[in-house]
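Undergrad: Build the full structure now, drawing on both the sequences and the hints.
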Amino acid sequence: MNEIPLNQILFLSIGLFFIGAYGLFTRRNMITMLMSIELMLNSVNINFVAFNKYLYPDKLDGVFFSIFVITIAAAEAAVAIAIIINLYRSHHSIDVEDAGEMKY
Amino acid sequence: MNLTLFLLFPLFTAVAILFAQNLKQIRSISLAGALLQLALALKLLMAYYQQRAEGNKSQMLFEYIQNWYAPLNLQYHIGVDGISIAMILLTTFIVVAGILVSWHMETLSKEFFFLLILLSLGAYGFFISLDIFTMFFFLEVAVIPKFLLIGIWGSGKKEYSAMKLALMLMGGSALILVGIFGIYFNSHTGTGTHTFDLLLLSKMNIPIEIQKMFFPFAFIGFGIFTAIFPFHTWVPDGHASAPTAASMFLAGISMKLGGYGCLRVATFLMPDAAHAYSWVIILVSTIAIIYGAFATMMQTDLKYINAYSSISHCGFVLLGIGMLTQTSITGAVMQMVSHGLMTALFFAAIGMIYSRTHTRMVAQLGGLLKIMPFISTVFVIAGLSSLGLPGFSGFVAEMTVFIGSWENPDKMYRLATILACASIVVTAVYILRAAGQTIMGPITNKSYDQLSDATWNEKFAAGLLITGILVVGLAPFWLINLIQPGTEFIINKLGVALIK
Amino acid sequence: MLNEYLQVLKSEWLILAIIFILLFIKVGSKEWKNESLLYFINFLLLINLIAGFINNLPGSLFNGMYLSNDLIFLQKNILNLGVYLISLIAYPWLKEHKHLLEFYILMLSTLLGMFFMISSGNLLIFYLGLELSTIPLAALANFDLEKRKSSEAAMKLIISSAFSSAILLFGISLLYGVTGSLFFYEIAPAIHSNTLNTLIFILILAGFSFKISVVPFHLWTADVYEGAPVPVTAYLSVISKSAILFIFMTVLYSVFRNMETQWYFMIFLLSVFTILIGNLFAIRQNNLKRFLAFSSIAQVGFILLGLSGSSKIGMASVIYFLVIYLFSNLAAFGVVGLVSATTGKESIEDFKGFYKTNPFLSWVLAIALFSLAGVPPTAGFFGKFFLIMAGAERGNYVWIIFAALNMIISFYYYLRIVKAIFMDQNNSPIPAIKTPPLPKLAMVICLIGTISVGFLSWVYEYIFSFCNF
Amino acid sequence: MSHPIYIALIPLIPLACFFILGLFGRKYFSGSAGVIGTLSLLASTLLSLITAYEYFFVSGKSNGVFQKISVFKYTWLQFSPSLSIDMGILIDPITVMMLVVVTFVSLMVHLFSLGYMKGEPRFATYYGFLSLFTFSMLGLVLSSNIFQIYLFWELVGVSSFLLIGFYFEKPSAVAASKKAFIVTRFADLGFLIGILVLSFYSHTLDFGILIERLTNTGSPYLIAINSASFLGVSALTWALLLVFMGGAGKSAMFPLHIWLPDAMEGPTPVSALIHAATMVVAGVFLVARLFPVFALSDPEALQVVTYTGAFSAFFAAIIACTQTDIKRVLAYSTMSQIGYMMFALGVSKYSGEDGLGYMGSMFHLFTHAFFKSLLFLGAGSVIHMVHSNEMKDMGGLRKLMPITHICFLIACLAIAGIPPFSGFFSKEEILMAAFESNRLVYGIALFTSGLTAFYMFRLYYSIFWSKPADTHHAHHGEGTWTMKIPLMILAVLALFAGFTPIANWISADGAPIHSKVPITFSILPVALALGGILFATRLFITANELPGRIATQLGGIYKSALHKFYIDELYLFVTKKILFNLIGRPAAWFDKNIVDGFMNLLAKITGYLSDMIKGYQSGKVQDYALYFFGGVAGLVIAFIYLWK
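Residue numbers (the numbering used here), protein chains in the order written: chain A, 1 to 104; chain B, 1 to 500; chain C, 1 to 469; chain D, 1 to 644.
Source of the hints: derived by calculation from the structure; they are not laboratory data. Mixed in with the good hints there might be a few duds.
[Claimed, not checked] Computed list of lysine-lysine pairs in BS3-like fashion (alpha-carbon distance at most 30 Å, straight line): (1) C:K345 <-> B:K157; (2) B:K446 <-> D:K118; (3) C:K147 <-> D:K614; (4) C:K312 <-> C:K440; (5) A:K103 <-> D:K170; (6) D:K399 <-> B:K459; (7) C:K149 <-> B:K110; (8) D:K118 <-> B:K370; (9) D:K604 <-> B:K157; (10) D:K27 <-> B:K446; (11) D:K170 <-> B:K370; (12) A:K103 <-> C:K147; (13) D:K620 <-> C:K345; (14) B:K459 <-> D:K170; (15) A:K103 <-> D:K604; (16) B:K157 <-> D:K592; (17) B:K446 <-> D:K170; (18) B:K370 <-> D:K27.
Please read these numbers as outputs of a predicted model, since none were measured by experiment.
TA: In structure tokens form, the structure reads like this:
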């Protein structure tokens, strides 16, 4: 069977990366921003797995790395959400625009 | 003769001040320290003469080298020649006088004297060090005390002046930094490492285009410290706002650091560039002399008058250096000494007047000679010596500069010399104007009648400085014999450059 | 074998042990008073610090994923020292704080992460360490739970750091794609300067730059520093910055050594911007913490200058500078923290006439600022001088002149605070503050360090001797 | 030959006296200061008389020519191997003569001041200053080194400044002292530059060597300095003219004379000492000192000296006729007489009989010192009595002060050049010299001598005759004996000084001169002088309206002469308008606003910049992320697309 060439997968990951970035820049809701960041991380994961599968099939570094990335992303999300909740206590909003007191 | 003592004495004095209880102890400790320092300096002078008498021909005496930062090849390298000894003597005189003048400094006295001593420490270190790094270090040490002294104990728009002074001097040292790095990285010891050692550097010859590139940095950088035109504007405000002792230190000591640096680092290490740029130096210094003198004529505040006249007088120092003849350079050094003494005296007198009348405005003063004869006499003496009256130090110094400058055959330089000479007339004008209005004339303010004359400490301080001025003015031969061996080496290096 | 694991990983074990002790205390039923607890913890940290200097065994574990040598031990000791000092100056703030144990647990776990990061020989370990040192920091930044600013700061930190690590990771993934390995020693020879590698390097550089707050990746710094509690700010500005710089040096010098021409100019560019922007913003700050943030940004610009020397001297100078920077910065933060913990005042206006009421604190702060400004006789002078010297070795005098001129601006804003403290009049100055023993100890240590390190050339030579280039 | 060291004592005694009085006078010697000063000066007077005897009669001459003898020399300041200021003593005829004149007149003045300054609060200081002046003047005449003479030159200037400004509460006195110092200082600038030029080309500062190198033809130095030229004039001429400028300043030659009349603000005895007998002739002395160079190597410069002198003599005489302040009249007459001396030097040649003018000049200097100081002291005692300088407050005083009257009359006759008074002889020599070499100058001199007689007697009559004395002066009395004795001594000298055989002693080349002025030659000048006197008698012996009428007829000339031809106003314009307003004020403004402003501007710009970019720190985390991304993009663009 003919398999998908690497460059197409890379296109996908890069697309994903930029979508995530775009989401981060534009969405007001902090949770959504976190999700966008997850998108970016996932694009990284795709990279790792793809490289591993296509270029260096004899080693497993990439796969492991992606697993670690997933784990850490989870941890990050947990802490972030905790912080956001705490922020909500004081600001009564999770709109990122409202959390801009400190400037200049 | 261990030169490190010149650092240790002030250090111990400063530490002792920290542990002192009250003003009495503090001032007596600092005075004791300063007097010790003075004695030490005189001893150094004697030792120097003895060495020379024994036929010691080496450029620097009492050298001592101690590796400091081995990986970077930085050393603690000290030693003196006649020039540095003259400067050290000057410093000791002014320190003693300054401490005596601020004898009744009630507010934050501990900090005040501590900073004074720290400032002097910087000066001593600068004058004895033969390694450009340590030189730069001590140069910068002196900056903070100046800032604090002016800002805390000053008068008028003191914060502004302090900030301005600190920043402009910082700018100076920034330029110096670039200059000395240029020297350092183009110095090639045999072993592939670089060096900051003055004497080693003077043995090498740095390629001329490199010199041309870095000479301006070094010269202007040091020049800012000695009020090179147009970077002199920190001088008037700084001096005017500073407390008396600080003004004395500023004008008497710290402006000399610059001149010394210009001579020792810029001119001595980069002779080709010195030749190439001498016309710029001459131009700038001549402008400073004339323009400073004329600007002085218009001042109404005694301290501003003296500050601006300092610009004019330090112009002579730079002129002497720029003329690049041995006599002129010797004259420049003498002018440093003489200007240091007389301007310190001037500031001391102004301080005494101000502390009594609480004004420095020429227009508001008058007829002081009747009320406070001693102070007025001091004032007049300072004035006369600054207008170059024979018998006082100003005369010999300026004349040496003139004779030396005239030895430079270039026509344009001759013209500059003539203009510089012309400034002595303007000097006479503003000095006599100031003296005539403040010291002479009818008493303007009846309330002055019951003002007191100088107290013992003020008398002592003034007496000390006047002695210095007279010793230089009446018997200049010892000073010139002290300086000339030092300048000879510089001139030889310059001469070699000229031949190349 | 096991013995080797124990010794090579010594520092990490120690930190871990302390963390566990604290956990036990947490879950344990016995009620501790905050003061005694703080004394106990500081004692533990002191032991940890001392232990850091004795029988260090260089070596590499997990077939080269983790490696450690004298230099790395030295760096870890520096970090230990910093943490110890920070916990000392945190005393007035933690005295009343009810989550004191969590604070220490989080802080120490970040430290653990840094240790791993420093001694990582493999991108995976490096990444793990990085994240371990970042995520808890966000929690720490939020440690004044009830303060609006605090949580805002935390939010900004976590989101932007997540973003940056995403970018970093992308770079790493591409690097993996190019070289097919995660081991530094395998990557290094496989890299040659071509477009893709430049791109990879840029992405990784951006990740690092974010952490050490290099313009234009610095914008989180000021807000987080302002919002976070003072000890956390201190931790951010000293410890995490130093740790990242340590590993950054390894990455630059060993991994990307084949791309030196490129990265030299990139660092040149970034440093110029960093110095300038940092200074310009620092001029106009009123909040001391925010001010220190920007001043530290400017400092980083100078560090980059030293870094660019890429020689034994450059390396040594950077580490030496970081030691001095640690002392001076922590001295400053010590005073600021004490004042803000007791009076809640943090703006420069409040510090007017400070000298009248608190001479000791004023001198500490002033000397710290002088050292940061790089004025002798403080050690900062030597630090900066050697940094610039290391940079000047390459003969890029445009950079040197630029840096030198910017020193004037930085001089201005440091003096501005000194002026406020010593010269300005204030009819309601900060009342006299009684300095508790622990912070006093910290300040004295910092003061001694700030003044003496410059003259003790052996410190520099000691560092120099470890720098294997 | 060993001239013993006592010569050095002549100046040193007054110096010691100055230090004693200056430091302790105010406390300890407030009363006895005068006596101390006078005695010490007596000592040095005696010493100088001994020196004169030694030199002229015993040891001065060798093979018929008076030698220049350098007594000793001490290197004071070694500028460079060749150039050094040596403190030395040089003895030659003019030095010796000046020694006698200075010490003697100074002694008289000291004596006179005992009475005149009695009760002055700063009595001791006054005598201190007098001693200082005497010291510097003596140092000046003894100098063996051109830089040494410049040094004492300055000291003389400053001590005259101190003495003129002695009444420091009087603003006019302060102003006058300032004026005197600054004007002479300006002249000294020329002197200094002249010295620089001379020293540069002749590689020495020592008079002996300098003259020797610059006179004998074919010496490399002379060739060098002549070949070097600036604006088409040889360097030597420049140098000599500049040196002469210094001399002109001290000797109040036109146009640098303006300080002299104002200097009369000082105490009258001081005027007698400084502004009649000693300091003002320093310029003449300087030219005489360098006379060989002038005469042998550079006649052009000598021409300038001649005409400056002649014009000043004439110019001053004119003004003197119109002044009403008696001291100012005397001041202008001084200026005029010094003009005589100057052009006498100018018209002289170096060697042999042609050196007549030189001799005459010195001779006139000698006699003039006595009668002019006599006139001033006389005027002093008059003022002491009347308490005014104005003629209108005087008149008919001959009854009240007979001694003063007689002495004054003698002095007037002497200055008018009536035989056998001393002035006659010296003036004859000068006129003779002028007649022989330059008729124009001779004519001017002749006319001037007539004028001199006229205005002196105008002065004499309006003091002692014209109107009956108003009696309320009577109770003052004529003053103490200490004031009268000097008058008498000087009167005697004014009578007989003319008989001193100066011609045998003083000449340019040292060899005696034997020229006799024929009686026939003297007729014309004496006649003119008598004419002047008669005219004055007609006008002023009794108060009448004739002078007024003449004045009105002369109109403009009279008016401008009265206002000293508006020279002062011109100077005022130059200093106030040009120096202050056109240079000083702009300089100060420029410094304040441009130079300093620039520094402040830099600071401002930095501030603006930091304000401009503050927006980037917007506080929105998304913007931060965006800028982050932008940074990455920027680096990519810079280093991937723009790289190489």
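Undergrad: Evaluate each hint against the coordinates.
TA: Hint by hint, here is what the structure shows:
no. : hint              : in the structure
1   : C:K345 <-> B:K157 : holds (28 Å)
2   : B:K446 <-> D:K118 : holds (28 Å)
3   : C:K147 <-> D:K614 : holds (25 Å)
4   : C:K312 <-> C:K440 : violated (36 Å)
5   : A:K103 <-> D:K170 : violated (69 Å)
6   : D:K399 <-> B:K459 : violated (54 Å)
7   : C:K149 <-> B:K110 : violated (42 Å)
8   : D:K118 <-> B:K370 : holds (19 Å)
9   : D:K604 <-> B:K157 : holds (18 Å)
10  : D:K27 <-> B:K446  : holds (25 Å)
11  : D:K170 <-> B:K370 : holds (13 Å)
12  : A:K103 <-> C:K147 : holds (17 Å)
13  : D:K620 <-> C:K345 : holds (25 Å)
14  : B:K459 <-> D:K170 : holds (28 Å)
15  : A:K103 <-> D:K604 : holds (23 Å)
16  : B:K157 <-> D:K592 : holds (15 Å)
17  : B:K446 <-> D:K170 : holds (17 Å)
18  : B:K370 <-> D:K27  : holds (15 Å)
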